[in-house]
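**Student:** Protein chains in written order, with my numbering: chain A, 1 to 114; chain B, 1001 to 1111.
Derived from the structure by calculation, the hints contain no laboratory data.
What you are looking at is a predicted structure, and each value in this text was computed from that prediction instead of being measured.
Hints should not be assumed to be uniformly reliable.
Restricting the straight-line Cα-Cα distance to at most 27 Å, the calculated cross-link-like pairs of lysine-lysine (DSS-like) are [said to hold, decoys possible]:
1) B:1067 x B:1056
2) B:1067 x B:1002
3) A:13 x B:1002
4) B:1042 x B:1056
5) A:57 x B:1002
6) A:57 x A:13
7) A:57 x B:1042
8) B:1002 x B:1056
9) B:1002 x B:1042
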Amino acid sequence: KAGVTQTPRYLIKTRGQQVTLSCSPISGHRSVSWYQQTPGQGLQFLFEYFSETQRNKGNFPGRFSGRQFSNSRSEMNVSTLELGDSALYLCASSLEQQGFYGYTFGSGTRLTVV
Amino acid sequence: QKEVEQNSGPLSVPEGAIASLNCTYSDRGSQSFFWYRQYSGKSPELIMSIYSNGDKEDGRFTAQLNKASQYVSLLIRDSQPSDSATYLCAVYGGATNKLIFGTGTLLAVQP
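This is chain A alone, in the form it adopts within the complex (with noise of 0.2 Å):
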């Protein structure tokens, strides 16, 4: 069984350009979450997807989106790219709606922002 798959591995980009990070998720499960893992402030909670609805938000900043498919599969997107972004962004998915199980994460996307 595949697990969660994110793409691409690493990115570097430049302040002021925007990014999109993509998650599919393990078959069969349709919640799909997002974290930022820094060394400083650790695993922070993005936003919590299922069936396409977005159910659940962190605090942070409106650059900061995101979506999902009727396949389950995730995109985040960050515009307007600030140094402070630089982060390992994980995807985690579960079976059921909210993380009462847990989550299984992928293996992130590590982005630069230069």
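Chain B: place on chain A using the hints.
**Tutor:** Relative to the frame of chain A, chain B by itself:
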């Protein structure tokens, strides 16, 4: 007060010893509790989940939950150098309905 708190460590234990990792949480309505292991440069991996008060054992790992004290712990028996990693406590439910992570405890098992 942080929602989920862990000692950042590093926690250093000799090979074969018991490693004890602790976590406290602030939301009394939290429903499920997890321990993830994260090796350097890798993504978090779920190793234990616990939902009710008491102990839950799985191989060398034991998770302990005390909801009255809002406390979760992870014991690793017969620690091995391969257990060296950051251990993340995560809590779900309560007011936010989000899976909230602590900042993790770095465990170093010395051969």
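**Student:** State for each hint whether it applies.
**Tutor:** Now the hints, each set against the structure:
1. B:1067 x B:1056: holds (14 Å)
2. B:1067 x B:1002: holds (17 Å)
3. A:13 x B:1002: Roughly 32 Å between the alpha carbons, so the hint for residue 13 of chain A and residue 1002 of chain B is violated.
4. B:1042 x B:1056: holds (26 Å)
5. A:57 x B:1002: holds (18 Å)
6. A:57 x A:13: holds (25 Å)
7. A:57 x B:1042: Distance of about 25 Å is within 27 Å: holds.
8. B:1002 x B:1056: Between residue 1002 of chain B and residue 1056 of chain B the Cα gap is close to 26 Å, so the pair holds against 27 Å.
9. B:1002 x B:1042: holds (25 Å)
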